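Colleague: Letter by letter, the chains look like this.
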Amino acid sequence: MPDSRYIGAFGVEGWTTRSGVNLLRHGDVVNIERQKIQLPKSAPQRGQPGPRISAAAAKRVDVIVRFTDGAGREIGRLVKETADWVSTLMDQKICKFEGTCVYAPERLRTNDTVFLQLRCSLLSSAFSSRRFQAADNRTVGRFDETETSEERSLRLRQVALVKLFQEINLLPTRGNEMGAKNQRRELLQAAEMAENKEKGKPGPQDRDDTGSSSPSDDNDDGKELEQDQLDTLYKKAQSFDFNTPQAEPAETFAMTLRPYQKQSLHWMMEKERNVRNEQRETSMHPLWEEYAWPTKDHDDKALPEFPEQPTFYVNPYSGELSLQFPRQEQHCLGGILADEMGLGKTIQMLSLIHTHKSGIAIEARKASRPPSSVNQLPRLPSVQERNAVTNAPCTTLVVAPMSLLAQWQSEAENASREGTLRSMVYYGNEKNADLLALCCEANANNAPDVVITSYGVVLSEFSQIAAENGDRASIRGLFSLRFFRVILDEAHSIKNRQSKTARACYEIAAKHRWVLTGTPIVNKLEDLFSLIRFLRVEPWNNFSFWRTFITVPFESKDYMRALDVVQTVLEPLVMRRTKDMKTPDGKPLVALPPKQIEIVDIELSKSERDVYDYIFTRAKRTFFANVEAGTVMKAFTSIFAQILRLRQSCCHPILVRNRDIVTDEEEAGAAADAAAGLADDMDLQSLIERFTATTDDVADSNAFGAHVLSQIRDEAVNECPICAEEPMVDQTVTGCWHSACKNCLLDYIKHQMDRREVPRCFQCREDINERDLFEVVRHDDDPDAANIGQGPRITLQRLGAGNSSAKIVALIKHLRDLRRDNPTIKAVIFSQFTSFLSLIEPALALANMRFLRLDGSMAQKARATVLNEFRESDKFTILLISLKAGGVGLNLTSAKRVYMMDPWWSFAVEAQAIDRVHRMGQEDEVKVYRFIVKDSVEQRMLKVQERKKFIATSLGMMSDDEKKMQRIEDIRELLS
Amino acid sequence: MALPKRIIKETERLMAEPVPGISAVPHEDNLRYFDVEIHGPSSSPYEGGIFKLELFLPDDYPMAPPKIRFLTKIFHPNVDKLGRICLDVLKTDQILDNWSPALQIRTILLSIQALLGAPNPDDPLAADVAKSWKEDEQAAIATARAWTQQYAVPK
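Those sequence lines, one after another, are chains F and H. Note that the UniProt record's numbering gives residue 191 to position 191 of the first sequence, counting from 1, and the numbers run on in steps of one. Note that the UniProt record's numbering gives residue 104 to position 104 of the second sequence, counting from 1, and the numbers run on in steps of one.
In short, the hints are calculated from the structure, not lab data. This structure is a prediction, so every number in the text was calculated from the model and none was measured. Take the hints with a grain of salt, since some may be wrong.
[As the list claims (entries may be wrong)] To list a few chain F residues with every Cβ distance to chain H over 10 Å, as calculated:
#1 333
#2 360
#3 391
#4 431
#5 638
#6 744
#7 806
#8 868
[What the hints assert, rightly or not] Straight line, CA to CA, 20 Å or less: simulated PhoX-like cross-link-like pairs of lysine-lysine:
#9 F:595 / F:582
#10 F:620 / F:634
#11 H:52 / H:155
#12 F:934 / F:620
#13 F:742 / H:52
#14 H:91 / F:750
By construction, the Cβ of each residue, glycine as well, lies at the ideal position given by its N, Cα and C atoms.
Isolated chain F, as found in the complex (with noise of 0.2 Å):
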């Protein structure tokens, strides 16, 4: 290739900046020059030479091309049309131009018209190959979609090409199967969008000339779908056929498949084992073009021939030239598994692994004896070469979140005969691994199975190769090799395209790639994009290509077509089934037992709704002061802290006094802060005292002689004396020994103390004293405590013992029933607020319950261990759990029932939750107890949550100030 070759010419219109006579005739030569930015008269010129002053920030504006004649003077510029794509050929180096002119006046005036030819030749420049490097290491704004310096600078590129071509009307002697033409009109509508919301974006680049470049990251693209749009997609991407054929597991794989899940082993299977690629002739790149270098120029003259090199290559989707041809490379040798929560999305990928090895692992396998000497020792690979990969042909990497990687591992194992799969996590201490001497081929004998990690580790790994210039083999780690299988797990989690974590996870090697997500599209198609990026379907891996076909049909309201396009990319590449799916003899594809939910209504105690009210009228009176003030954005924060406290109230009062409070919502510093705050606030400070001066004795039951408890549990007479009911509800007694309901007797000495008398027993008349309040607790539901021959255990505890709210009392009733009723049962309890976790922990004790707890402050391995003991336990037993540790993955199908201490914004995640439970493998019916306070911001959040059912998906999306201002909406309707 010489320097530069010629491609064509065009007619051109320029406008004079000089005037006067025969400065231009036809046919004269003119040169073709890139305007160098002239500073302002006005500004003084320091030392420098040239304009380098905020060039980035001029280039934005400055698209000038003069042309000059022999002497260098400035005649005149071209129009401002062509100049805008002309500059980016000449900026970027891709292209020269000689101009010549055809028609100038013979007296020139400023401002007057001329006509000129432009030459264009390509630049050897121009196909200097660029890539994405893996050090490509930017800081990214969080779930802005903007588009990067990068793609902005490729967009131009792509631009001035495809503009060129058309005015020097070259057409392709072969290229993909979209008419040339029409592509072209597409791509520049497509462009042209891009470049108007680049234009569009409010941002000081556009005024302020000399002002720094930061492009503003607020600015979102990709619109949102509607859900009736997505709906659709979804029904056209889950028209999963029944008839398709099933396939076997491998003997080693030690569960049994469900018909469905045999149907997607065997299309996995085809996908991966897809050779007829590797057969094919090689064909050209589906998105890159030929195009014959022309022999003649525009005046019919011959060109110098370069016989070794007739043509040369143009991707018009991402701008780039080549001299090489084009392979196509090989078709994405995986897919997306996108079946719903609960159809055993794991499940299927392990039979894979199990059913499809590579030739090598089967060899090894077959072999696989332990070395008998050193010198049958694997030699390990000597990785000199940068950059260099080696391959793992035994090895599939799974890429999961940190809260599910031991479950993948004990999956992996239950899914296996035994000794037939090595599995090992990649996380923490085990990071210590030479991953690249395990998973070599030298070692294909002991290589692990399966290496499970986390996105977290990708992500650590990526960035330290980044700083190693993108030496991959500087870590002998995940990036040293090439797997033999990837699987994303939760892959939603690479949504955003820019984010590191999804940049970090394209760059994996491997040769099957899949990714596994209940919700490929989160609520925008771009959600897509990433996953086909980094499964690396061509072409849809080409930002510039999706954008054309995709991105922008959509957004100019072609929504059909745009979900059309959509349809075909994903049709070859996913496998969708949900779970209301029926199979065609009218079953359900998995039959889940039923769910209960029911929602308990908890009576908050007289001095607990004390607390709760004072903290009510407060939170109610800031946030109409704001609201009246306009300062609602501004007090967001404290706003938010109030009524994080008023929801805390509703657990337990002493969580509103905790300093070192614990939540698990974004806002925790915030309620730390509130919490703080508190010390000054002496009213409430003494309405929580008042509240634990009931509370804070603990009981002391064995004051009490024997022979009384076992009088109260010989008592004939099991009825309530004031409301009849038989037995008594929570049976207590007096300091004379008289029984009654619990609230029938409290109801009783408050009446009597609103009537200022000194409460007396209703029995006989003795005066009562208030602390001389015993509850019975007949220990019927405890297998521990049962006493031979003599019926239940029976202890009095002191009323209000135990530090309880009102809330916990309910929630050891209702387990205690459940104990009473099964006493192997196991159920989860799920609240936000791990500090309340902390108050249940104690009352469970005292109710002799065991009880194990998961929350996000633990270890890797607690959690392991934690999951492990629950699944095992064959006791009664619980698991507490933050929502937040368990809303996503876990499996928690051993437990029976759910209990929902305290409500979220929307129910979506508490769903979630729920799931954990309700899902695949469940064997029994479910029930679920929503603990909600009556009268309270718990019982508007319900309405809250009932009015955002539909948009809950959208939630964790939305930018920051939209969803304050979403949650100022829901907090109007939780104070009114």
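Once you have looked at the hints, place chain H on chain F.
Modeller: Same frame as chain F, but now just chain H:
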């Protein structure tokens, strides 16, 4: 308002195991309102009479006592002209209040029946009756008998 379990149970029991000499039947349209009949105790001036009373269970029953009064005219030191009864367990004032939620319709009616057998002129409600009772008990008892014959004996 749904009828509390306690009232239902009491009513059922009054029906199932009636107290001799006492009947209490709730109104069909208001189950808190009872028509009561008490037979005058034998060897008392009220013997032979059947005294009608009305009994009403207020909303806060059994925290508060039932409201009850004689409908049949009766000459008794603890019953006034309006039929109101002076009985410690029925009082609602604070000092003498002897009501307890453990008491029931049945026990209250029994107390009233007992009161007929043993008038207590030292704790009068009808001052004039009490006065005549104290001054000339025989005459008072005769009057009581006459009133019973006149107002309480079914013709």
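Colleague: For each hint, tell me whether it holds in the structure or not.
Modeller: Structure-based check of each hint:
1. 333: Non-interface label stands for residue 333 (chain F): nearest chain H Cβ at 68 Å, farther than 10 Å.
2. 360: Holds, because the least Cβ-Cβ distance between residue 360 (chain F) and chain H comes to about 77 Å, which exceeds 10 Å.
3. 391: Residue 391 (chain F) clear of chain H: closest Cβ-Cβ about 76 Å, beyond 10 Å.
4. 431: 65 Å, holds
5. 638: 43 Å, holds
6. 744: Answer for residue 744 (chain F): violated, closest chain H Cβ roughly 7 Å.
7. 806: 22 Å, holds
8. 868: 48 Å, holds
9. F:595 / F:582: 19 Å, holds
10. F:620 / F:634: 16 Å, holds
11. H:52 / H:155: 15 Å, holds
12. F:934 / F:620: 18 Å, holds
13. F:742 / H:52: 37 Å, violated
14. H:91 / F:750: Satisfied, since the Cα-Cα distance of roughly 19 Å is no more than 20 Å.
Of the numbered hints given earlier, the model fails hints 6 and 13; all others are met.
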